[in-house]
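Participant: One line per chain: the protein sequences are E and Z, in this order. So the first sequence is numbered by UniProt numbering: it starts at 1 and just counts up by one. So the second sequence is numbered by UniProt numbering: it starts at 1 and just counts up by one.
A portion of the hints provided could be inaccurate.
[To be verified] With a straight-line Cα cutoff of 25 Å, these simulated BS3-like cross-link-like pairs (lysine-lysine) come out: (1) Z/LYS148 <-> E/LYS70; (2) Z/LYS70 <-> E/LYS77; (3) Z/LYS76 <-> E/LYS76; (4) E/LYS70 <-> Z/LYS76; (5) Z/LYS163 <-> Z/LYS86; (6) E/LYS137 <-> Z/LYS77.
None of these hints come from the bench; they were simulated from the model.
Number of protein chains: 2
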Amino acid sequence: MTREKLIQEIKSTKSFLCVGLDTDMDRIPKHLLDTEDPIFEFNKAIIDATKDHCVAYKPNIAFYECLGPKGWESLKKTIDYIPKNKFTIADAKRGDIGNTSRYYAKTFFEYMDFDAVTIAPYMGEDSITPFLEYKDKWVIVLALTSNKGALDFQFMTDLSGEKLYENVLKKTSKWGSAEQLMYVVGATRSEGIQSVRNIVPNYFFLVPGIGAQGGSLNDTAQYGWNDDCGLLVNSSRGILYASEGEDFASKAQEKAIEVQQEMEVILKDKGLI
Amino acid sequence: MTREKLIQEIKSTKSFLCVGLDTDMDRIPKHLLDTEDPIFEFNKAIIDATKDHCVAYKPNIAFYECLGPKGWESLKKTIDYIPKNKFTIADAKRGDIGNTSRYYAKTFFEYMDFDAVTIAPYMGEDSITPFLEYKDKWVIVLALTSNKGALDFQFMTDLSGEKLYENVLKKTSKWGSAEQLMYVVGATRSEGIQSVRNIVPNYFFLVPGIGAQGGSLNDTAQYGWNDDCGLLVNSSRGILYASEGEDFASKAQEKAIEVQQEMEVILKDKGLI
């Protein structure tokens, strides 16, 4: 998907919500466990219920991988089921030497038709550029994450006062343009979002950490906004497990609408719609 | 596998060779393509041919993942086929928040019975510790990698003169002992190996980069050795694709024996056997 189409989708849906498909066999409603593919049945219902209120879906690959080949089948069916006007993100956090990165790109961009994949930057340029060889496909680089462990290395400061995550932003933004590269920027660090926005004004951010992890949507919009919105805000558990009963899909829809309406207010406030 | 058993295996095999199973559909001999599971048939033959000359196997997960559910089946069959006295490494380079890391651990330590998994440290402590909750299972943290991109971030230097990879070693070695944690240290940077050894004297290193990437076995042993050997030196393409004909397994065996014999000389020189 092109950046232009993504922005168009944000405007027409009046939303910059990304629904995280962290689909967990231990948490999906019991009545689905008797179906042939409970993971896919759950995702299908969630997608049907939320697709008018979000612009992106982000399956967390760990949740599928741990189920073996069957999990990969559920994932493939899910990605094939998501409407083509939605931006799809494989939250895989891969990162390897060039030779191996090419195979990861093949997995997520050829075997499965994802629009984007999340990448850890530790191994540098050749862990990122093989993904950028695919036209209209995206790499989403971990910059400033939302977890506690983010403090361990991402804030390491060099001799010029630059932090590791700032260094990651400066270098990686030379390897890929804002038409193909985004950044993971956790919502739990508002001051961080602003510092990231200052370094890469044009890039989109994928923002996890709203809801279960405690981040705020308004703070994220205040500090992370750019002229094209520039934000995909993810919510996983808050939507997926709004109810653990047979009404899970309608409750998920209610939650998605609730977030979408907050986003609509922000989009209007900012003058994008 | 315990550290003690691994050291015992090194002594009895007179080898610290790890065979990297980067099994590539485009490079395996043509006559295998007619079998039901070419990847597994290839791996089976390679394992049979090399198991007396190595102590570890390291499937590179990217090569299996890109084949979809069938690739995961080949991987599962491969890990089940490897003799139990061999140390097995899922070269997956995962790294995510704690909640997700638990699922990755489940994949590699429960669904598949790997001894170890490689992990990228960018997201910090909670991306590593969930794996350490498994008894006798290992995390192998990327410290100093063998690729060109290693120079992009791993050598970033903080105010006290400490490099990122040194910081990673110091912090992560507090999270896990040498009984459960190892480091990836590329053979292409001999001076780097020595600096890593100085910081973590007791830990094992998984050393890629010998052969195709240009690293030297003798330099690695000179700079990386510790009292228990402390090295697992990986070779992938040099062994797997020693021949692309029907004699691939016997040629792979010849190559493995060649490396094992060099290692035996080193092990004797160092007085470990």
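Participant: Each hint: holds or not?
Facilitator: Here is how each hint holds up against the structure:
| no. | hint | in the structure |
| --- | --- | --- |
| 1 | Z/LYS148 <-> E/LYS70 | violated (36 Å) |
| 2 | Z/LYS70 <-> E/LYS77 | holds (15 Å) |
| 3 | Z/LYS76 <-> E/LYS76 | holds (19 Å) |
| 4 | E/LYS70 <-> Z/LYS76 | holds (13 Å) |
| 5 | Z/LYS163 <-> Z/LYS86 | violated (34 Å) |
| 6 | E/LYS137 <-> Z/LYS77 | violated (33 Å) |
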